[in-house]
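*Asks:* Quick note, the working numbering runs 4 ahead of the 1-based positions in the sequence shown.
Where hints are given, some of them may not hold.
Taking CB as the label site, the calculated pair distances span [as the list claims (entries may be wrong)]: (1) Ala19 <-> Glu42: 17 to 23 Å; (2) Pro55 <-> Phe32: 19 to 25 Å; (3) Gly8 <-> Pro43: 15 to 21 Å.
Hints in this document: simulated from the structure, not taken from any laboratory.
Heads up, the beta-carbon is just placed ideally off N, CA and C, and yes, glycines get one too.
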Amino acid sequence: MLLGYQSGGWTSSGALDADPHKRWRCLFVDEVAKVLAEPGKDWQSADNYDPAHPFNSIDDVFVSVSADGSRRAS
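Work out the full structure, taking the sequences as your base and the hints as a guide.
*Replies:* Now the structure itself:
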C-alpha cells in the first residue's frame with residue numbers, strides 16, 4: 005500500500021478535485037499501471053503533510069521526498 009499525493013492529471017472518476025486536501029491517494033502498488041513525473045517540475049504536497057507527524061493510516065514511511073527534492077530515509 006502506498007499513500008501518495010496527486011498533483012495533476014485525472015482520476016478514474018474524472019477531473020482532479022480542486023481541494024488539495026482531497027488529492028491524497030491510497031494505492032496498491034501492484035495495481036499502478038502508469039506514473040508520470042514531469043522533468044523540471046517541482047514535487048508538490050498538500051499543506052497538511054508533516055513528515056515529523058505522518059498520517060495515522062501510515063505504519064511505515066521508507067522515503068520522504070520534500071519540495072526541494074531532498075530525501076530522508078526513516
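*Asks:* Of all the hints given earlier, name the ones this structure violates by number, lowest first.
*Replies:* Hints that this structure does not satisfy do not exist here, as all of them hold.
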